[in-house]
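Engineer: With the hints as a guide, bring both chains together as one complex.
If you read the sequences in order, they're chains A and B.
All residue numbers in the first sequence are consecutive under this note's numbering, ending with 284.
All residue numbers in the second sequence are consecutive under this note's numbering, ending with 1315.
No lab work stands behind these hints, which were simulated from the structure alone.
A hint or two may mislead.
[To be verified] Only pairs whose alpha carbons sit at most 20 Å apart, straight line, appear in this in silico SDA-like list of lysine to any residue:
{"hint": "1", "chain 1": "A", "residue 1": "K114", "chain 2": "B", "residue 2": "T1084"}
{"hint": "2", "chain 1": "B", "residue 1": "K1102", "chain 2": "B", "residue 2": "T1084"}
{"hint": "3", "chain 1": "B", "residue 1": "K1305", "chain 2": "A", "residue 2": "S156"}
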Amino acid sequence: MNTQVVSLTEHIPHRALAASKKDIGHIVIEDVEIVFGKGANANQAVTKTSLDIKPGEFVCILGPSGCGKSTLLSSIAGYITPTSGVVSVDGKPVKAPGPDRGMVFQQYSLFPWKTIRDNIAFGPKVAGRSNVECSSIANTFLEMVGLSRFADKYPSELSGGMQQRVGIARALANYPSVLLMDEPFGALDAQTRLMMQENLLSIWSEFGITVVFVTHDVDEAIFLADRVLVMSASPGSIIDDLQVTLPRPRDPAMATGAEFMALKKICLDQIRSESLRAFEQQNR
Amino acid sequence: MSNLGQATDVAEVRDAEPEPSTPTQRKEDLVGFADAPGLSGKDVLKAVRGCTSSTYDLLKKHGVSIVLSLVSLAAGIVFWQLATAYKVDFYINFENIPSPGKVFAAFWTHLGDGEFYIHIGVSMQRILIGYVTASVIGIAAGVLMGRSKIAWSLIYPYIEVLRPIPAVAWIPLAILMWPTEEASIIYITLLGALFPIVLNTLHGVEQTPEVLVRAAKSLGASRLQIFWHVILPAALPSIAAGLAIGMGVSWFSLLAGEIISGQYGIGYFTWNAYSLINYPDIIVGMLVIGGLGTLSTYAVKIGMKPLLAWQKRAR
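The following block holds chain B by itself, in its conformation from the complex (with noise of 0.2 Å):
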């Protein structure tokens, strides 16, 4: 590389001028291959300042926003309260309904109570069962549609036939089919989950630069590990995509599972309360159902993200 040092320095004279080019122009590329300049103190001092600062300029950038959504959350509130005080009825009909105080109160009384968390336990259990299952089936299902035409051909015509039936109407039929109850209502969960995690599969197999597969064939690769290191990777935003709606997805199902038959589970203890005309139970059931659902969906998203660590540094 003897003549390297003559092109830098037409290159590094060139460098003045600003270039808008894409891929971006770095320095590096014009300093040549050997090195070119390291960080110093002075980057280091104002990355930590940058740190420091950044917490204080995330309030007040969001600062307006956050509050304004509190604002409306409490006028919410306000608004439930002096309806179910004033007991308005003016088509829809606020007589019945518990006030935020006594869902509260309700609320309060049932963390101490052991039966609560049984409910919450057994619900967290079915999901787990189906979801776990329902993203096998559905990655396994996803990958072979989308590398194989006779996988595509055999699988996609239940996928179309199936997937408009919501899981409601899947109840009646699951009862007949399974041994237990418990099966029948993770049969249902799995369905509900089941969908969104196949059809995303495939969306992102299907999406996959074929470029990157041509690659790794010329470095060697045989089809197993182009499996393993390229196809799964490049579906892997997608299918994480496609695992967060299933996580949803598969809460609804199992709530209507739990709604019509089963003796535990969160979602029989809001119909039950309903049933024993023990009002604020019912809401108390809602907002757990809520904030499981999210919280699930939210630690699906927080478990998938390591293996997405290369997508966010792009930006």
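Isolated chain A, as found in the complex (with noise of 0.2 Å):
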């Protein structure tokens, strides 16, 4: 059995700058609103949002599909405008994507035509780094994801879970500020989902980056989260904001543990509650 594990620390050459990082990557969101469409075909995706995420913290964002928590989160990332209300990563407001705010999505958005490595190296290679810097930046990654075996390869050549684990590094190649992942483990089976799961928090742990984890998965979010924040669809609004004290690093036997159980209650009472309104609105 393999117990060996890649030790972050002694891999990233640009340790520092990850230290410096420390107090960076404050997510203040300040009275969103999004909506889509206009007039009569007006469509409100995310009500009136405020939110505090403070630098280096944990953050899921739950709730039901279609309940708006991709568009609060796109709009982080800076795909999205929102209609009213600013979103700003320490002090800068957010108006397009950049490489400080990494994301990882849903599909696999892997570019097909190049290996494992020059999609891990895009990020540094596209920021105008030298050559040399950009394969030593995809190693330290590739080893951090445990993928250098497979630095030649192209993605479909890969498994569902592996090509995650691209991404991530993909992601992070960039040392952004703020990590933003859309039900990054959505398509992934019960047992890989899990194996990623610690992965991020080991990762995760060694960066202290700021996370922002959209999932409507209510274990998953209480495993990863520091905090929860669940959502309510139609329109989509913050129903509730929990702090999950469960101690570190965690352990997937914690699940069943009495802590867990009662915050699952809280969340899926909650989701319960707001699917049954949104079911008799619109049976009204």
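Structural biologist: Structure representation (structure tokens):
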């Protein structure tokens, strides 16, 4: 049984850079409202929402499909400009997508024509770093996600879990201050997902990076997060803000503990009552 | 990653059950991040053995179909020979058609004849100039149209209006428009290749998955970098198809141009043979045109192959 694990500290040459980032990655969402369409067709995806996500915090946005949680994430990423209100990261208002906010997508979003190494090196490359730097960064992150052996393969030759690991490595290769994840493990089978969650937590603890993780899986949210934001559908709004005080490092065995169960019950009750409300609203 | 070992323990036990999941579940996933079991010498031996026997297998597998194809071709030539020998005139008239033997003899003589190569050379030069120009214009226009609504509105009407006009219909106007006959023939060749290339490029660009463009944006790529690293490669399979089709059509158009005007070229050679009542040469010309068209389309496909290597690995 292989239990040898790569220590990140040794493999990040820019460790000093990562450490100095301790105080950055502060996300502030002020009175953000997102409406799609105009006039009679207007559809309010996210109602007036304000949030303050602290540097280094692991936040999960939990909610049913179509509740606007991905839309909210997209506004932090800069793909969507809020109809009103401001999203800012470290005091700078978000206007467009940028390398300071790494994004991991739900679907496999690796470039199929680039090798794993070139996928990871993409960010540094477009930032104008030299080939030597690019390949050194790529090697660092390949090792971090345990895929050094697959460096010269193409994404289609890798399994879904491996592809998502590359996706995470690619986003981190820019040394972003924030990592945004849109249901990244949704398409994976149960065991792989569990593995990925643990791996993500260890990466996060080494990096000390702010993570905003969107999911509809209650267990996933509680297992990962410092803080779970429960979101309701139509119109999307945050209905609860739960602190998860489970000790770290987290262990899958905690999922059967009393504290975990209590949190899970709160989340499930809220989601159920919200779903019921939405259901009644539709049938009115 | 201290608790990694524990999770892999659980995962390894469950690994025994076959799992129908897409994308494919691989062992490396479950083994964890650090390292997975490598290839053994046995695997290598197996691969080598596989390679040597694959040629034989291929023959065995396709042997029947190859034999059938050859028999079919031979039957066609025998029919041609008989039809010309007995001067069959049953609605289709074989009286003036040269026999396969005469055609082959004519071809053989031309192989030692310098002028024959000039005809071929001139045609290939026209194809090269017309086709390369069409590729450059076609890919540029296709990409522009795919990424810019304004460019689309400006260019697309021309494509819709001009595309249905066959190359032959352009010949009189082309002669009036261009200063030399050579230029008008190249222009017609270019037109033929242009439309399949533009339309396929446009299609490819439009099909670029938006998530890849988004990913590139969040990784800090500029518009130009997105174009170069994302849109162009994403459109490449479609562009390659357009280039192959365009090559075929450009031969078709070239021939039309050469038959009606010009002093050299394989199309001229064919038409001239008819005027001079040198019937075997008509068929020699036709076969050479067919051969060159096939070869050049094949060359385009081979040329694009290294750029599409990533696609083949997907299977």
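Engineer: None of the hints should be skipped; say for each whether it holds.
Structural biologist: Taking the hints in turn, this is what the structure says about them:
{"no.": "1", "hint": "K114/A x T1084/B", "verdict": "violated (58 Å)"}
{"no.": "2", "hint": "K1102/B x T1084/B", "verdict": "holds (11 Å)"}
{"no.": "3", "hint": "K1305/B x S156/A", "verdict": "holds (18 Å)"}
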